[in-house]
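Trainee: Residue numbers (this note's numbering), protein chains in the order written: chain P, 1 to 259; chain Y, 1 to 300; chain D, 1 to 353.
Honestly, the hints are just simulated from the structure, not real lab data.
You may find that some hints are simply not true.
As the list claims (entries may be wrong) - Okay, derived cross-link-like pairs now, DSSO-like style, lysine-lysine, Cα gap no bigger than 30 Å in a straight line:
id: 1; chain 1: P; residue 1: K222; chain 2: P; residue 2: K35
id: 2; chain 1: D; residue 1: K273; chain 2: D; residue 2: K28
id: 3; chain 1: D; residue 1: K211; chain 2: D; residue 2: K126
id: 4; chain 1: D; residue 1: K126; chain 2: D; residue 2: K70
id: 5; chain 1: D; residue 1: K28; chain 2: D; residue 2: K59
id: 6; chain 1: Y; residue 1: K294; chain 2: D; residue 2: K273
id: 7; chain 1: D; residue 1: K182; chain 2: D; residue 2: K126
id: 8; chain 1: D; residue 1: K107; chain 2: Y; residue 2: K294
id: 9; chain 1: D; residue 1: K270; chain 2: D; residue 2: K291
id: 10; chain 1: D; residue 1: K211; chain 2: Y; residue 2: K294
id: 11; chain 1: P; residue 1: K222; chain 2: P; residue 2: K36
id: 12; chain 1: D; residue 1: K270; chain 2: Y; residue 2: K294
Stated by the list, open to error - With the Cβ distance kept under 10 Å, some of the chain Y side facing chain P (calculated, not the full set):
id: 13; residue: F38
id: 14; residue: L40
id: 15; residue: L98
id: 16; residue: L115
id: 17; residue: G120
id: 18; residue: V121
id: 19; residue: V128
id: 20; residue: Y153
id: 21; residue: G235
id: 22; residue: N249
id: 23; residue: T252
id: 24; residue: A282
Backbone N, C-alpha and C define an ideal beta-carbon position, used for all residues, glycine too.
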Amino acid sequence: MKRGGRVWSWFWMVLGILYFFLPLVATFIFSLRAKKGVLSFLAYQQLFNDSGFIKGFSYSVLWGILTNIVGILIFVPTAYWVRLRAQQFRTAVEFITLLPFVIPAIVFVFGLVRTFSHPPFLIVDSPALLIAGYTVLSMPYMYRSIDTGLRSIDVRTLTEAAQSLGAGWGTILFRIILPNIRVAILSGAFLSFAIVMGEYILAQYLAKPAFAPFLAYLIQQKAYEPAAATVISFALTWACMGIINLFGRGQEGQIAGGH
Amino acid sequence: MTTLVSEKRDAPKARPAPHKISWVWLGVTPFFLFAFMFLLYPSSTIAVKSFQDTTTHLFTLNNFVHLLQNPNLLNAYWISIKISLITSLGGGIFGFFLAYSAIRGGLPPFMRTSLMTFCGVASNFAGVPLAFAFIALLSPSGVLTGWLRSVGYNPYFHGFQLYTFWGLSMVYMYFQFPLMVLVISPAIDGLRREWHEAAENLGASTFQYWRYVALPILLPSILGTMILLFGNSFGAFATAQALTGGSINLVTIMIGAQLRGDVLGDAGLGYALALGMVVVMAVAIAGYTLLQRKSERWLR
Amino acid sequence: MTHLTLSNISKQFAETAAVQDFNLDVAKGEFVSFLGPSGCGKTTTLRMIAGFEIPTTGKVVLDDVEITDKAPNQRNVGMVFQAYALFPNMSVAQNIGFGMQIHRESKATIKQRVEEMLALIHLEKKGNSFPYQLSGGQQQRVALARALANRPQVLLLDEPLSALDAKIRVSLRAEIRAIQRKLGITAIYVTHDQEEALSISDRIVVMYEGKIEQVGTPFEIYNFPQTAFVANFVGTLNTAVAEVVDPAKRLLRIDGVELESAEVMDGRQKGDKVTIAIRPERFNFIAQEKKANVLDCTIDNITFLGAVVRIQVLVGNNRFYMDTFNNPFLELPTIGAKNQITCSREAVLVLKN
Chain P
1 MKRGGRVWSW FWMVLGILYF FLPLVATFIF SLRAKKGVLS FLAYQQLFND SGFIKGFSYS
61 VLWGILTNIV GILIFVPTAY WVRLRAQQFR TAVEFITLLP FVIPAIVFVF GLVRTFSHPP
121 FLIVDSPALL IAGYTVLSMP YMYRSIDTGL RSIDVRTLTE AAQSLGAGWG TILFRIILPN
181 IRVAILSGAF LSFAIVMGEY ILAQYLAKPA FAPFLAYLIQ QKAYEPAAAT VISFALTWAC
241 MGIINLFGRG QEGQIAGGH
Chain Y
1 MTTLVSEKRD APKARPAPHK ISWVWLGVTP FFLFAFMFLL YPSSTIAVKS FQDTTTHLFT
61 LNNFVHLLQN PNLLNAYWIS IKISLITSLG GGIFGFFLAY SAIRGGLPPF MRTSLMTFCG
121 VASNFAGVPL AFAFIALLSP SGVLTGWLRS VGYNPYFHGF QLYTFWGLSM VYMYFQFPLM
181 VLVISPAIDG LRREWHEAAE NLGASTFQYW RYVALPILLP SILGTMILLF GNSFGAFATA
241 QALTGGSINL VTIMIGAQLR GDVLGDAGLG YALALGMVVV MAVAIAGYTL LQRKSERWLR
Chain D
1 MTHLTLSNIS KQFAETAAVQ DFNLDVAKGE FVSFLGPSGC GKTTTLRMIA GFEIPTTGKV
61 VLDDVEITDK APNQRNVGMV FQAYALFPNM SVAQNIGFGM QIHRESKATI KQRVEEMLAL
121 IHLEKKGNSF PYQLSGGQQQ RVALARALAN RPQVLLLDEP LSALDAKIRV SLRAEIRAIQ
181 RKLGITAIYV THDQEEALSI SDRIVVMYEG KIEQVGTPFE IYNFPQTAFV ANFVGTLNTA
241 VAEVVDPAKR LLRIDGVELE SAEVMDGRQK GDKVTIAIRP ERFNFIAQEK KANVLDCTID
301 NITFLGAVVR IQVLVGNNRF YMDTFNNPFL ELPTIGAKNQ ITCSREAVLV LKN
């Protein structure tokens, strides 16, 4: 690479780094300014004492875990079955898993509310709807992650070997297939978790406690606590991504969830 | 494209076992049931209701007609398109240069991995926290504003405003350019070194190489990804809502307002608005997919 | 007058010396192969001729012009890459005409030469096809045409056939040689396949660990290898450790058997251990013809290779291969039987280690 070219490369990198880090640095500094004239973690203390924060954060963690459980329970057997016996459904399934990209979250929740606010499906107030909605939002990432994992193991041979040794479907799925795609599942799970933790639209419009709506409320009410909460939110996203990277080839983190 | 051995062996073999057909269906039923209930049915509700008159429930195109006659809504579409165009072009170009610098720019290899990690995080760091981060940065009492003022430059005296269209564009760029970096990187990887050497060998300068070989090869990917960025921006809601409180007129903001309380005064119009959004997104995704397929053919 | 001269070329990468002490004179129209295993420096040397690497020391002179430091796009050498490197966004015709387009030749000239080239590689009808529509062999022929269309002074080929099927390799290497002869263009050909190098080169440069082991015609390289590496790398070879009995009479002993060699053994003394080498086809059974050296052996294995029958024998503790032409009417010996094999003095090579 000629020398002139390298200068340009550094130029773009520095620009990128600045753009990326300045808002984060500013937020962090801002979060330390709660006490006048001195840098302190007062905002964090106040935040952790705020029952709204604890509630919002804990509920989001809960929604994240539940979404992952539901996702794994539905998507792993489906992906496995499509690979093994139901290849004719593959295009249909893949199309469905890509639909959440085409339907923006705000439109999606619009549909959910309108559909489930009337009998016979009056479940708009139930947390189950929220979990279902989150599962749909995380579907492209979760399903594709699982599918990638399955692609890298010879599903047919493993199944046939297990069957010849007398295993039933349950055993095959949980004791043979699942452990072998552990990395892929975890990758998808952490990405889904990050999505749910940062998700605003569904929680807000389905009126459920969650971290992002709380943060939005906090911005209206307080000056420095939102900064602390933002820092925590970022650290969490970073941690999830870091863990995914630790697993090797994580999925390229494309735009996820409701933003 | 090479297929894995397992894929070849998973191909449907001639195993006609009539009683197994019901098993096949059973295996995928939970998924389809779930998708139908919570994705397809609600979505089709929107589609169907957008063609229904609000009171009589008869089939009509009136909702769309009203949409096109409503200056407020058309303006919302226009602003949404504007911000999407700007951030997809800006984010696309910036992201491309950034990705190229990290991958082929002669920088130490750890810069590439670091960049990919940062971009993975940044492209997910959208919505409310991102909006606040920029508030912390550039609001009148923001950190950067403070620093600039301390060296004698007040951006607000020069016409800068955060809670405006341009402020929002700046915030959108934060997740647009990382997305570009992530999606365009495989294409840049696919740009084989031998092409540059072959071009040089035949007498081409670096500029000629870019003009005749590299850019034409990359163009479908770049355009396709920019279209993806366009769709991404078009569908964004939480960031705009958190930053501007809904004061900027975007289609997503309008839909949110409609959801909270029928601000449009006409439920059918709301559905039409929502369907219009899906159509735009569908066109964007289709465009992206087509261009990706074309570039894959070349970058095999 | 040499056309291409490399003098004292060396290339240092961080810790490794990729190429050392490389000296070569190539005549105009000569076809020279660089032959050696992976990592021997042959591709690096080629790339230094092309300008993609700059030598650490030494000079490259082409047609009396020094090009050592010249940029790759200023050298007028044509390169054919292992991975074809055809521009995927251009048709075959556009690929071939690219060099001329860069040099601003007229449209008419370009069109005419592209047609010439297409005829040369026998792909007249494929001008408007795109690379992804062609097979590997066709793509490589287009790559060749693209390099030649620019009328380069030297043609450089970097393992051009490695990515292709065996059958295509054989036919395509003959085509490459035919085209090179027809155009009279100087060519440097890098390969790790010794059969390829032997079959099409005027001269071969055998390389190992960055250094030249031997330069010579295919005949010379095969029949008179100068080092153990060359002898082992090119063709099959029987080697054994022997003890010098009498340097003046050129007598050696292996496992109690005395052999006479035709090699001059100055500098060797009685009792020295040397490595001897004998090509399998230089042996024959004593029943066919008695030659200077006779060795008692036991038949160990017989492998039928088609045109050649390879017989493995045990001579003392040494395992030797003997190659003989297939003859349907010849009775093959039984395994385990004792026999005697013979070879001439000239067949016994003493290697410089």
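Trainee: Next, verify each hint and record whether it holds.
Mentor: Evaluated hints:
A distance of roughly 13 Å separates the Cα atoms of P:K222 and P:K35; the hinted pair therefore holds under the 30 Å criterion. Between D:K273 and D:K28, the direct Cα distance comes to roughly 43 Å. Violation of the 30 Å bound is thereby established for this hinted pair. Proposed proximity of D:K211 and D:K126 is contradicted: the alpha carbons are some 42 Å apart, above 30 Å. For a cut-off of 30 Å, the pair hint linking D:K126 to D:K70 is broken: about 35 Å separates their Cα positions.
A C-alpha spacing of about 18 Å is found between D:K28 and D:K59, which places the hinted pair at or below 30 Å, so the restraint holds. Distance restraint check for Y:K294 and D:K273: the Cα-Cα separation of roughly 66 Å exceeds the 30 Å cut-off, and the hinted pair is therefore not satisfied. Of the supplied pair hints, the one linking D:K182 and D:K126 holds, its CA atoms being roughly 22 Å apart against a limit of 30 Å. The straight-line distance between the Cα atoms of D:K107 and Y:K294 is roughly 29 Å, inside the 30 Å bound, and the hint therefore holds.
With a C-alpha separation of about 25 Å, the suggested pairing of D:K270 with D:K291 holds against the 30 Å cut-off. Restraint check for D:K211 and Y:K294: the C-alpha separation of about 46 Å exceeds 30 Å, so the hint is violated. For a cut-off of 30 Å, the pair hint linking P:K222 to P:K36 stands: about 15 Å separates their Cα positions. Pair hint D:K270 plus Y:K294 does not hold up; C-alpha atoms about 74 Å apart against a cutoff of 30 Å.
Taken as an interface hint, Y:F38 checks out: its beta carbon lies about 4 Å from the nearest beta carbon of chain P, inside 10 Å. This hint holds: Y:L40 has a C-beta 8 Å from the nearest C-beta of chain P, less than the 10 Å allowed. Evaluation of the Y:L98 hint against chain P yields a held restraint, the C-beta minimum of about 5 Å falling below 10 Å. The closest approach between the C-beta of Y:L115 and any C-beta of chain P is roughly 7 Å, which is under the 10 Å cut-off, so the hint is satisfied.
Hint status for Y:G120: holds, given a least beta-carbon distance of 4 Å to chain P, under 10 Å. A least Cβ separation of about 5 Å between Y:V121 and chain P falls short of the 10 Å threshold, and the interface hint therefore holds. This hint holds: Y:V128 has a C-beta 5 Å from the nearest C-beta of chain P, less than the 10 Å allowed. A distance limit of 10 Å between C-beta atoms decides the matter here; for Y:Y153 the minimum to chain P is near 16 Å, and the interface restraint is violated.
Evaluation of the Y:G235 hint against chain P yields a held restraint, the C-beta minimum of about 3 Å falling below 10 Å. For Y:N249, the suggested interface contact is broken, since its CB lies about 15 Å from the closest CB of chain P, more than 10 Å. This hint holds: Y:T252 has a C-beta 5 Å from the nearest C-beta of chain P, less than the 10 Å allowed. The interface hint given for Y:A282 holds, since its Cβ lies 5 Å from the closest Cβ of chain P, which is under the 10 Å cut-off.
Hint violations for this structure: numbers 2, 3, 4, 6, 10, 12, 20 and 22, all remaining hints satisfied.
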